[in-house]
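Asker: Chains as they are written, first to last, in the working numbering: chain A, 363 to 562; chain D, 102 to 472.
Think of the hints as simulated: they come from the structure by calculation, not from any bench. Among the hints, erroneous ones may be present.
Stated by the list, open to error - The calculated DSS-like cross-link candidates involving lysine-lysine, where the alpha carbons are at most 30 Å apart (straight line), are:
| id | chain 1 | residue 1 | chain 2 | residue 2 |
| --- | --- | --- | --- | --- |
| 1 | A | 553 | D | 351 |
| 2 | A | 386 | D | 328 |
| 3 | D | 192 | A | 386 |
| 4 | A | 488 | D | 328 |
| 5 | A | 488 | D | 351 |
| 6 | A | 553 | D | 355 |
| 7 | D | 264 | D | 465 |
| 8 | A | 553 | D | 328 |
| 9 | D | 264 | A | 488 |
| 10 | A | 386 | D | 465 |
| 11 | D | 157 | A | 553 |
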Amino acid sequence: MNYYTKTVARLIDQFSRLPGIGPKTAQRLAFYLLVAPPEVAANLANAIAEARTTVRYCQVCGNFTEGDRCFICSDGRRSTDIICVVERPRDIVAMEKTKGFRGLYHVLHGVISPMEGVGPGQLRIKELMRRLEGAPVKEIILATNPSVEGDATALYLAGLINPLEIRVTRLAHGLPVGADLEYADQITLSKALEGRRVIK
Amino acid sequence: MYLKRLEIANLRNYSNQIVEPNEFFNIFSGSNAQGKTNLLEAIYLSCTGKSFRTQKESEIISWQKNFLYVNSLFETNTRQVEVKIRLLPHKKRIEVNGVLIKGHPLGWPGVVMFKPEHLALVKGAPLERRRFLDMEFGSFYPRYGYLLGQYNRVVIQRNNMLKEIKENREEVTTLQVWNTQLCRYGAELLFLRMEIFRLLSPLIREIHHDLTSAEEELDVRYLSTLKINMPASVDDIYDQFTKKLQEIAKEEIKRSQTLIGPHRDDFSFYINGKDAKTYGSQGQQRTIVLTLKISQILQWYKEIGEYPILLLDDVFFELDKNRRMALLKWVEGLVQTFVTTTGEERIAFNNNLTAKNFFIRSGKIADIEER
């Protein structure tokens, strides 16, 4: 059955392709744009088109950028001897919000997952290895997710980087800050126990 | 723990029924297809929040009705627990003492079930036995489920990787990262399974000895595809697992399958030294499964300090008199038991047993006999 005219249906259809948007939200967004002042729709359309044409991957780290290098790679104040390896650009945002990391990043754009046909060749691993050649890097932090695939990717990278005599570390797993032991699930707690540290 | 009161509405062939069982022993008797097992299903649902018969829960709702509810009242060592389960075609609400919850209503399964299908445990495929081990005994260890989930995921990924290598799309070296994880999770999983068997085998031997009036010695042996000498530590298992994987790498790539590890393991029962899979009779299979169920009850008691409810679907009166008596000796006065039977037995099996017999006729309790 047709509830919408062709153009409206097309708009809803386009919205519902987006991640996290179901048919109802898509309809709501479409109807909003149709009644809002025309410049709202025009601004949105322009923003999307402009972002898509100007934003690309940073040549160094793979983060999103408008120029050749992203704002982190071109920031001279950041230490260049430590690189944090993440799965996706959005993980950089999460790390940056901590304001605790002043090194550089490297985005893999995925993790090794044979199930989905993703091997090391499909990830930006060659680029990472090239970065390490000649550059005075002292430490690589592997910040892939603590999933089976994230762990596999971390192991793979560790195998490649360890022979270069660069320190390779993995983010700790364990208790969230402010958590109460009583409420921690057993798996997290046993991970935290494995990764315990000496206190001085 | 015992069930004090059960109220059901629109569950299969029951429109409205209240059951007030005896604290110790209850019999649901009646002809075929009258609704005896449906009552067991209602009890199981109250304890676990799930059905033991179907994954599709809307099937439990009566024909042409759009909801069911099961309200039950349990008495435990420490408190009364009121469980209210409401099931709509695509929705389930579980309320425990007035609070909405997810998962187990009682905080633990609270019930041990024995139905005729479980006889396949002795003679059936290894998969059945592994599943039983993982579900019924793995649940005593909080880490078990996590390890199993991670391990199974690694196996799937690794099998895909083996295929990629076979078809020359990936290099053999990439396999290493999956081997590391397979061995890491696999070693810990195998270690826990050995732990389960270590605790279980003396218990199983004792119960079975008793059930068979000391005529049979039951041995249960874990058959590991890794062929590791026990006892071994997690690290030992890890090292040996790693070594064995290297030895069979070619074969694994050829077949694109992970050929060894806990996902291929099995266990076997031996009666007086003979493999029950090959030589066991029907009756012996039944006794073995019964032994496992009793050991599970005792294990729960050790962990929780509370006995679960025992449900025996068409397997109690099928036992000979001696075995029935021996079973009762283990559960009488401790474990609230529900059995179903098509026979008209008027509880003629034990004179001093306190029992309540419910006669079921087309989705109704037609008569009750108490003694």
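Asker: Are any of the numbered hints broken by this structure? If so, which, sorted upward?
Answerer: 1, 2, 4, 6, 7, 10 and 11
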